[in-house]
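These protein sequences, in sequence, are chains W and B. According to the numbering used here, the first sequence is numbered sequentially starting from 1. According to the numbering used here, the second sequence is numbered sequentially starting from 1001.
Hints should not be assumed to be uniformly reliable.
[As the list claims (entries may be wrong)] Quick partial rundown of chain B residues pointing at chain W, CB under 7 Å, derived from the structure:
no.	residue
1	Gly1029
2	Tyr1032
3	Phe1034
4	Leu1044
5	Phe1046
6	Lys1049
7	Tyr1050
8	Ser1073
Note that these hints are calculated values from the structure, not bench results. Backbone N, C-alpha and C fix where the C-beta goes; we use that ideal spot for every residue, glycine too.
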Amino acid sequence: DAGVIQSPRHEVTEMGQEVTLRCKPISGHNSLFWYRQTMMRGLELLIYFNNNVPIDDSGMPEDRFSAKMPNASFSTLKIQPSEPRDSAVYFCASSSGTSSYEQYFGPGTRLTVT
Amino acid sequence: AQSVAQPEDQVNVAEGNPLTVKCTYSVSGNPYLFWYVQYPNRGLQFLLKYITGDNLVKGSYGFEAEFNKSQTSFHLKKPSALVSDSALYFCAVREGNTGFQKLVFGTGTRLLVSP
């Protein structure tokens, strides 16, 4: 099993640019989570999907952030326009939700907005 | 609403000594509890979980955790620490028997094992 795959691993962009982060969950998992991690705020849940449907997006910072899950094997997190305060590591995680509840995390995307 | 507290920002222990990383939780129903470890520049890795059954749960890399319902705690333990155990540890909780799988994570505890 390849685990959760995220791309890119590193992204450096200028303020005002659009950023798209990508995630491929573990095959067969029906829940997907996007997190953000910073030194100041720790680990924050941004949004999660169950069976491709957004369930809770209360953690999304503002309208500049949007997430989609067009099918069971792909999700995107988009920031438009990006700002320096968006600099963080963004993690995607997935879980199966049937007999086990643990989430499996991807390696993360380190975003730097200058 | 469920919550998790990790009261120690950092735990220091000498290699070969036992280690404990503390976690307390608050949920209105039955808790499902988890421990994760994060090494530098890596994602969180699942270590172990408590869903039901035996209060002592064994997980990866020789770690174990004890569920204590009366003290609402789920402390992570290891009998003999290794330098390679140095990492950031997160406790997480979800309320069992709910339809959705949101986990609430603690703020993390940094474990430093000295040679």
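Results for each hint:
{"no.": "1", "hint": "Gly1029", "result": "violated (14 Å)"}
{"no.": "2", "hint": "Tyr1032", "result": "holds (6 Å)"}
{"no.": "3", "hint": "Phe1034", "result": "holds (6 Å)"}
{"no.": "4", "hint": "Leu1044", "result": "holds (4 Å)"}
{"no.": "5", "hint": "Phe1046", "result": "holds (5 Å)"}
{"no.": "6", "hint": "Lys1049", "result": "holds (6 Å)"}
{"no.": "7", "hint": "Tyr1050", "result": "violated (11 Å)"}
{"no.": "8", "hint": "Ser1073", "result": "violated (20 Å)"}
Against the hints set out earlier in the document, violations occur for numbers 1, 7 and 8.
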